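In case you want the letters, here they are:
Number of protein chains: 4
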Amino acid sequence: MAGNSFGTAFRFTTFGESHGPAMGCVVDGVPPGLPLAPADVQHWLDRRKPGSSRFVTQRREPDEVEILSGTFEGWTTGTPVGLLIRNQDQRSKDYGEIKDQYRPGHADYTYDAKYGFRDYRGGGRASARETAMRVAAGAIARKILGDGVVIRGALVELGGDPIDRDRWDWATCETNPFWSPDAAAAARWEAKLDEVRKAGSSVGAVIEVHAEGVPAGLGEPVYDKLDADLAKAMMSINAVKGVEIGRGFEAARLSGEANADEMRMSDTGPVFTANSAGGILGGLTTGETVVVRFAVKPTSSILTPRRSVDRFGAEVEVRTKGRHDPCVGIRAVPVGEAMLAGVLADHLLRDRALGPRPRGRPEGA
Amino acid sequence: MAGNSFGTAFRFTTFGESHGPAMGCVVDGVPPGLPLAPADVQHWLDRRKPGSSRFVTQRREPDEVEILSGTFEGWTTGTPVGLLIRNQDQRSKDYGEIKDQYRPGHADYTYDAKYGFRDYRGGGRASARETAMRVAAGAIARKILGDGVVIRGALVELGGDPIDRDRWDWATCETNPFWSPDAAAAARWEAKLDEVRKAGSSVGAVIEVHAEGVPAGLGEPVYDKLDADLAKAMMSINAVKGVEIGRGFEAARLSGEANADEMRMSDTGPVFTANSAGGILGGLTTGETVVVRFAVKPTSSILTPRRSVDRFGAEVEVRTKGRHDPCVGIRAVPVGEAMLAGVLADHLLRDRALGPRPRGRPEGA
Amino acid sequence: MAGNSFGTAFRFTTFGESHGPAMGCVVDGVPPGLPLAPADVQHWLDRRKPGSSRFVTQRREPDEVEILSGTFEGWTTGTPVGLLIRNQDQRSKDYGEIKDQYRPGHADYTYDAKYGFRDYRGGGRASARETAMRVAAGAIARKILGDGVVIRGALVELGGDPIDRDRWDWATCETNPFWSPDAAAAARWEAKLDEVRKAGSSVGAVIEVHAEGVPAGLGEPVYDKLDADLAKAMMSINAVKGVEIGRGFEAARLSGEANADEMRMSDTGPVFTANSAGGILGGLTTGETVVVRFAVKPTSSILTPRRSVDRFGAEVEVRTKGRHDPCVGIRAVPVGEAMLAGVLADHLLRDRALGPRPRGRPEGA
Amino acid sequence: MAGNSFGTAFRFTTFGESHGPAMGCVVDGVPPGLPLAPADVQHWLDRRKPGSSRFVTQRREPDEVEILSGTFEGWTTGTPVGLLIRNQDQRSKDYGEIKDQYRPGHADYTYDAKYGFRDYRGGGRASARETAMRVAAGAIARKILGDGVVIRGALVELGGDPIDRDRWDWATCETNPFWSPDAAAAARWEAKLDEVRKAGSSVGAVIEVHAEGVPAGLGEPVYDKLDADLAKAMMSINAVKGVEIGRGFEAARLSGEANADEMRMSDTGPVFTANSAGGILGGLTTGETVVVRFAVKPTSSILTPRRSVDRFGAEVEVRTKGRHDPCVGIRAVPVGEAMLAGVLADHLLRDRALGPRPRGRPEGA
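Protein chains in written order, with this note's numbering: chain A, 1 to 365; chain B, 1 to 365; chain C, 1 to 365; chain D, 1 to 365.
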C-alpha cells in the first residue's frame, strides 16, 4: 500500500531505484513566494556527496537536480515542486550471484518475501541513493523555516568512539570528512577508519542533529507529537536502528531531580535552565534547541565472507566486491538534517492551520 | 491540525481529557467476523492497572470499557468500533497554583504556548490517562493479528539498573509488580523504588516489547517502514525519549561482522543465526522476532521543589503534592505492547491490500 | 479499510449503528478559544428533527448530545471534541424477515457482499441516523467559519416539482416543513406528499445549499479542489445520486458566452456579474456565494411489495412495514448544510497553513 | 496545503505546469508482478489526443511518456512508478495582457487570490494539460483491475443535444471524433460544432463512463463511499460542474416504485432487474455496471470579447486569441475513464486489506 510519502501539510513523495533511469521527488504544500533556484537544492545535495574523502565511496555522477515544476521566474508558486536527478550509472552489467543471493543485513530477503521478486540492481529502491531526494526536499523545507531556524548536524560517535562534548565546535564540522565537531575525535577516526577500510570491515556511527530558533508550541498532541514524527523520520533513514530526543536513553538513568529542566524568566520570556528534554515537552516544542540523535549500524556490505542463502533455498557464502563504504553513517548527517527540516516545516504549516490563538484563558476560563 | 489518529488501514482516533467526562476511542478498519466482547478489551485494560502494587498510584476508578458500535452479537462487523470509559474522578476541586504554574518537565508550558490556554485539570489531554485508549485499541489489534502472533513486554532496566538477560523468563514478568523477566532484578528494584518513593524522587525505565510469529515481508518502503512506524508509535507514548530496534544504539558500536545476521536454511525456510536487526531489514519484517525498546524518563512530578515560572511571567517554586508515581515507566509496558500490536495490525492490513504476489521473478525477469 | 473520517485539517470521524448503544463523533483539528456548549450543537440537531411535521417520521428519542472532551469551561481547547448521542430505541425486537432479506434499494445486499454478514437492526451503519453526527460536526465547523460566513439550505424540488426561483425567500424556509423558500411550492408539496404518504409510495427531492461570505482563494488544486471535496461530501450522504456546483448540468447546455461570469470592479474589489460558477473557479473560491445542489432519490422503503432475494438465494417479496418517510430528502437539508460547513472549515484551516502570501508578483516575476 | 494526490491505497501524485519543463506523476501502491511497459501507458495517452480531429486543438507535441521507476524488466515491482512527459512547447513568448488580466471563467483570479501571484503561462497548474497524468495513472489502474473489468466512456450530450440511448453502440464511439455511441448524434454534433467553432463560441458536454465486471462489495462506508470518491474524482477534472451516479438527478423525479431496482436470482447469483442505482448501493458496488455521468461547462476561452478586470483593479475586455477548442468536454472522455479506473483500483486494494471475510453470519449471529 502507498507508503512513499512523508509529511502531512508539507509532504514529499519520492520514487526511483538505484540503477533505474532516475530518482525523483514531488514536494507538495510549499507556500508561494519563496525564492527557489536549482542551486538552492544543489547546495545541499553536494554536501551529501563529499567526493574528496576516501571514506565515502561515491558514484561518479554529477547528481544534478532539475526543478520540473512549482516555480515561476525563481519563486515558488504554491503548486507542487517536482525534482529529478537522472541516474547515469545505469548501464547493464553482470550482477552475477547478487541477483539470486540474499546479502546478510540487506533488504534483499525481505523485498523478495514481500513482493515475490525484486529489482536487484544496486539495492533497487532500498538503496541509500533514495536519500538524495530527502536532502532535496529538505532544502525546500529550510526555505519554509527561514533563516531564523538553524539546522545542523554532527557525527558524535564512530565505531564506539565518542567525541568529547566539551570540545564541540560547529565550525570544526566543516573541516573534516566526518562532520565531527571535535577535531581530536576526527583525527582518531581517520586513523581508525583507514584500518577498517583496509580490513574490509565496517563500523557504525551516531549522528546528532540540532534545530535552533524553533518557536515554542510546534507539534500536535497526541499521535503526531513532534518527537514521534522525528522518530519516524530518522528511523526511516537506511540503516538507522535507534533514535533519541534530548538525553534519550540516558534520561532513563537519571533521577527526576537530575532530569528536571527548570524554568526561569529572561528578557525574552521563559527559558529553561537545562535542555534534557531536547526542546520538546508533551510533543510540543519548548523554544529550546531541538536535539535528535540516531544510531546507524555498520555497513552491511563488507569484504569478509558471510553465510547466507539464495532464493532457491541453497546455503551460500556472500562477500561484497568492489567499492565499499566503511561507515555509511557519515553520509547520514545531511540526511538527518534534511529530515529534521522536513518535520519542522510540516509542523510549522500544521500549526499555522490553527490560526490566531487566544492570549491567555478566555474570559471566565 | 488534526493529529489524534494513529495508523492507516487500521486506524484509531482517541479523545478525552484526564478530568473530563470520559476517554474514548474509535477504531476504524477492523475486519468483520472477529469475536469481540467488552471483556476482551477489559482484560488488557486491567493489566495496565495493577492496583495491588504500591509502586503504581492509581485513580480509584473501575475504568470499565463500553463497546458502543462495530459489533453485532459478539462479532465485529467491519464498521468502526467505538469505545468509551467514563471518568469518575472529575469532581470540581481546587487546582490552586497548578492552574497558573508550569510544572517543569510537563507539557503545561508548551500547551499554553501552542493554544493560548489549557485544561489544567490533571494534565488534561497530556495526561497518561490517554494511554488507556491505546491499550483498548491494542486489544482489537491483537484480535486481527490472531493467536499466531505473540506480543509481550518487559521492563529491562529501572533507574539505570538493568536485568541480567541470561535470566530472562517471560513467566517471571507476571509474578512481580514491574513486569521484570528477571526475578533478581525485580527484588533489587523493589528495594530501590521504596527508597525513591520515600525520598519523593523518581526514576526512569527501559521497556522492551517483542512480537513473535510475525510473517516475513510486513512493512512498506520507504517512509512507512515498519521500524519507522514503530519508532513513531513508541515515541508518541508519554515521557518516552528514545526508541531502539533490535540492538539499537549498540549496533553502532559493533563491527559489520559482529552485527551481521547471517542466514541458514531450516526445515521451514530461511532463518537468521542472530537477530541484531530486531526482526526488520529495509523496513520489512524478516520473520524473526520483532524487538523494540524504549526509554521512559523519570516521573516529572516529584516532591522536591523545583524552580519554574507561571503564566504571568513570575518565577515560582513548584512541588508536586498528593499521590506520586515513582516510576511511570512501569505502566508503559502494556502501552508499548498495545502500540506494537497496533502497528503490526496496520501493516498486516496494508500488506494484504497488495493481494497475491508473484512467486519468484516473473517469466524473463 | 478505515473510511469513517471526513476532512484533513478539520477532520471528523463517526461511529455507531442505528440500533446500537450510541452514535458518536470525534472532531479533530478544532482551533482553541471558540465558545462551545452542548446547546450550540443541540440547536442544529433539533433542526434536523422537525418532529412536528407529519412528513418526517421520527424516532421518539430526545437525541441529546453530550460533549465528552475538547472544551474547558465553555471554550474549545484545541484537543479533539468527542460527541455522543445515546440510542434509546435499541430494545431487542423481532426483525423477522428483514434479517435475511435484501430490501431493494438498500445497502442490505452490498453490506453482506462486502462483509459476509451485517447488523440488520434498522439499517445498522447504513442508516440515515448516522447523519446526526454530521450535523453535530457541522455545528463546530460553523463556529470555525464565524458569523461572517452564512450557510443555509433549501429544498428546491420535490417529486419533480421545482420551486419558482423568482419567489425565493430564505425566511420562508423556516415557515414550512420542507425548508421550501417558495411558499407556493410548499403548499403544492404538502398536498402531494399527503397523497404519496397515503399511497405508501415515496418521492425524491433536490436540495440546494449556499455559503455566503466565503473569502476568495479557499480550496486546493488539483485533486482537493473545493468543488471536488464538496461533491464527495454531498455524495456521501445517504440516498444522494447527483451533485452540482453553480449551474451544474445546465452549464453544459449553455454557450460559452451565456455561461461566462464576467467581472467588474466594485468598491470592495473585483465582483462577478453572474455566478454560473457557483462561487468556485479552478477549485478555488471566487468570493461569490458557494452554491451546491444535490439530488436525493425517493425513499427505498415503501409499502408497495417489491421483488427481491434473501441471503439464502431464495426469491422473495419485500414490503416495508411500520413507520415510513415519504421523502427522505427533507431531512437532508440540514445535513447538506453541515457538510458544506465541514468542507469550508477544513479548507479554511488548510489555506491558513500556507501562512501570509506575497501581494502581487515578487520582484522580477 | 498538500492536495495534489488522489487515492489512498492506490495513490497518484501529479506535478507540472502547462508551460513548465515537464508534467509528472508518481503512482504509489502498485502491486508487484503486473506487466507494464511505456506502450501500455502511451496507448491511453494517445487516445486523449485525437489529433486528426478539427474539433480538438492540440499542442503539436509527441507527449511521449517515460517510466522512470517501479518496473524491472517489464514488471511492476511494488515500488512507486514515476512517470514523466517533457513539455516541448515551453519557449518563452510574449503573454501580453494575459499575464495581468483575469480571463472570465478561468482560474486566473482565484489563483491570484489564493497565492498572491501565479504562473500565467498557458494556465499554469490549472491547465487541462494536467489531465494527461491522470490518464497515465489510469492506465496503471486498469492493469490492477485486470481484463475482467471493462471501463469505457462516451459523450452523451453536446451543446444540449443528447444522444438517443436506444442507438447506443460502444463500437460507434471509436468511429467519430466525439466518442459518441450514437452515429446520428455524431453527425449532428459535427455540423453544430463547425458552426460554433466558426462563431468563436463554445459548448458544453455530458460524459458517461461505465465499469462492467466490478465485483459486488467494493467501497467503504461511510465517508469513503465508492460514489463519494467517484464524485470527487470527476468533479476534480477541469471544467466539470456536475456528477451523477446511475439515474442521478432523474432519480429525484421518480417514485419509489419506479426507482426500485428489484432483485432476482440468476445462475450466477443475485441480479438486479434494473440499474437505477448505477451499480452502487450504500456506497458499495452491487455487481451491476457502475455508471457515472458528469457535465463539462463550455470552454471559457472564446473569441467573443468579455468584460473583466486586471490584477491592478482596472476594468478590461478579454478576448482569447489563437487556437481555440470549441468543446473541452470531448477530451474529458478518456480522463473520466481514467479517474473511474483509479477509484476502482484504489477501492479494490482497500477492500483486499480486510482479508478473507466470513461467509454468512458467524455462529450464533
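There could be a bad hint or two in this list.
Since copy identity is lost for identical chains, a pair holds within one copy or between any two.
[Stated by the list, open to error] Keeping only pairs whose Cα atoms sit at most 20 Å apart, straight-line, the calculated SDA-like set for lysine to any residue is: (1) Lys49 with Arg359; (2) Lys99 with Gly360; (3) Lys143 with Arg357; (4) Lys192 with Gln88; (5) Lys99 with Gly74; (6) Lys321 with Gly200; (7) Lys99 with Thr320; (8) Lys321 with Glu257; (9) Lys198 with Val56; (10) Lys143 with Pro358; (11) Lys192 with Ala274; (12) Lys143 with Arg352; (13) Lys99 with Pro358; (14) Lys49 with Ala128.
Worth flagging that the hints you see were computed from the coordinates, not collected in a lab. As the structure is a computational prediction, the values presented were derived from the model and not from experiment.
Here's how the hints hold up against the structure:
Taking identical chains as interchangeable, the C-alpha atoms of Lys49 and Arg359 are never at most 20 Å apart, the minima being 47 Å within one chain and 38 Å between chains. For a Cα distance limit of 20 Å, the shortest separation of Lys99 from Gly360 across copies, 12 Å, qualifies, whereas the shortest one inside one copy, 63 Å, does not. When the C-alpha separation of Lys143 and Arg357 is checked against a cutoff of 20 Å, the pair qualifies only between copies, where the shortest distance is 14 Å, while the shortest distance within a copy is 25 Å. Taking the closest pair of Cα atoms, Lys192 and Gln88 never come within 20 Å of each other, the shortest separation being 33 Å inside a single copy and 53 Å across copies.
Taking the shortest alpha-carbon separations for Lys99 and Gly74, only the inter-copy value of 16 Å comes in at or below 20 Å, while the best intra-copy value is 44 Å. In this assembly of identical chains, Lys321 and Gly200 lie within 20 Å of each other by CA distance solely inside one copy; the values are 10 Å within and 59 Å between copies. With identical chains, the CA atoms of Lys99 and Thr320 are at most 20 Å apart within one copy only, with a shortest distance of 13 Å there and 58 Å across copies. Taking CA atoms no more than 20 Å apart as the test, Lys321 paired with Glu257 passes between copies only; the shortest distance there is 15 Å, against 53 Å inside one copy.
Taking the shortest Cα distances, Lys198 and Val56 sit within 20 Å of each other inside one copy (14 Å), while across copies they are farther apart (54 Å). Only between protomers do Lys143 and Pro358 lie at most 20 Å apart by alpha-carbon distance; the minimum there is 15 Å, versus 28 Å within a single protomer. In this homomeric assembly, Lys192 and Ala274 never come within 20 Å of each other (Cα to Cα): the closest approach is 34 Å inside a single copy and 27 Å across copies. In this assembly of identical chains, the alpha carbons of Lys143 and Arg352 lie at most 20 Å apart whether taken from the same copy (16 Å) or from different copies (18 Å).
When the C-alpha separation of Lys99 and Pro358 is checked against a cutoff of 20 Å, the pair qualifies only between copies, where the shortest distance is 17 Å, while the shortest distance within a copy is 60 Å. With identical chains, the CA atoms of Lys49 and Ala128 are at most 20 Å apart within one copy only, with a shortest distance of 12 Å there and 39 Å across copies.
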